[in-house]
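*Asks:* For reference, the chains in residue letters:
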Amino acid sequence: DTAVSQTPKYLVTQMGNDKSIKCEQNLGHDTMYWYKQDSKKFLKIMFSYNNKELIINETVPNRFSPKSPDKAHLNLHINSLELGDSAVYFCASSHGTSGRAIDTQYFGPGTRLTVL
Amino acid sequence: QKEVEQDPGPLSVPEGAIVSLNCTYSNSAFQYFMWYRQYSRKGPELLMYTYSSGNKEDGRFTAQVDKSSKYISLFIRDSQPSDSATYLCAMKVDNTDKLIFGTGTRLQVFP
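Top line first, the protein sequences correspond to chains A and B.
Position in the first sequence (from 1) plus 1032 gives the number in my numbering.
Position in the second sequence (from 1) plus 1093 gives the number in my numbering.
A portion of the hints provided could be inaccurate.
What follows is a list of derived Cβ distance ranges for each label pair [what the hints assert, rightly or not]:
id : chain 1 : residue 1 : chain 2 : residue 2 : range
1  : B       : Gln1173   : A       : Thr1136   : 17 to 27 Å
2  : A       : Ile1134   : B       : Gln1201   : 25 to 35 Å
3  : B       : Ala1122   : A       : Leu1148   : 36 to 46 Å
Hint data in this document are derived by calculation from the structure and do not stem from the laboratory.
Think of the CB as a built atom: it goes at the ideal place given N, C-alpha and C, for glycine as much as any other residue.
Start from the sequences, fold in the hints, and give me the full structure.
*Replies:* This is how it looks when you write it as structure tokens:
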């Protein structure tokens, strides 16, 4: 009965490779997010999707491409990995603010990416 | 300068102490203020959620927002070793899903 799940949990890869991280939520939420947390624990939003539509697209290199096949899934594909991409990537989901005053974001367990 | 500033700590206190965690921010449009707790190697989980100014209490936790000073606080009473975690403040403007996080304060409560 996991709410927000991510795979894989750990990812170790060489510079220049392409990799994907998958996220699934079973909370019935309409909005999903990708966050990056650096080594100093700073958590920054990268993208959000609402019902498969891209809503938030922060200043992220275009090597990062999110894809939402349906509203319960949001995947992150990263091309040509660089050393600076090493971080923990968190997926989150929420109902979205449309019509709601308070909207809680629920986070997955994270994917720890190490680029060598 | 980041939109939200938070002292990274670490903050080390004995069990039973009152803990005060704080964030300052620069964007006066922020309306919603949250505190997330993140245990080591886990995802953040929501602790407290407040709208606009004022206090909100939930058990041993009290969240305080002072919009005039652009300052928010989280107080933990009777702190326990299980409270040892990183505490992240987060905030957002109305009608947006975009959360802006502080850098987090690492708290350690020793027995």
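*Asks:* Each of the hints needs a verdict: does it hold here or not?
*Replies:* Verification of the hints:
1. Between Gln1173/B and Thr1136/A the C-beta distance comes to about 24 Å, which sits within the given range of 17 to 27 Å.
2. Distance hint check for Ile1134/A and Gln1201/B: the Cβ-Cβ separation is about 31 Å, which falls inside the suggested range of 25 to 35 Å.
3. Range check, Ala1122/B to Leu1148/A: about 42 Å between beta-carbon atoms, so the 36 to 46 Å window is met.
Violation of the numbered hints given earlier is absent; every hint is satisfied by the structure.
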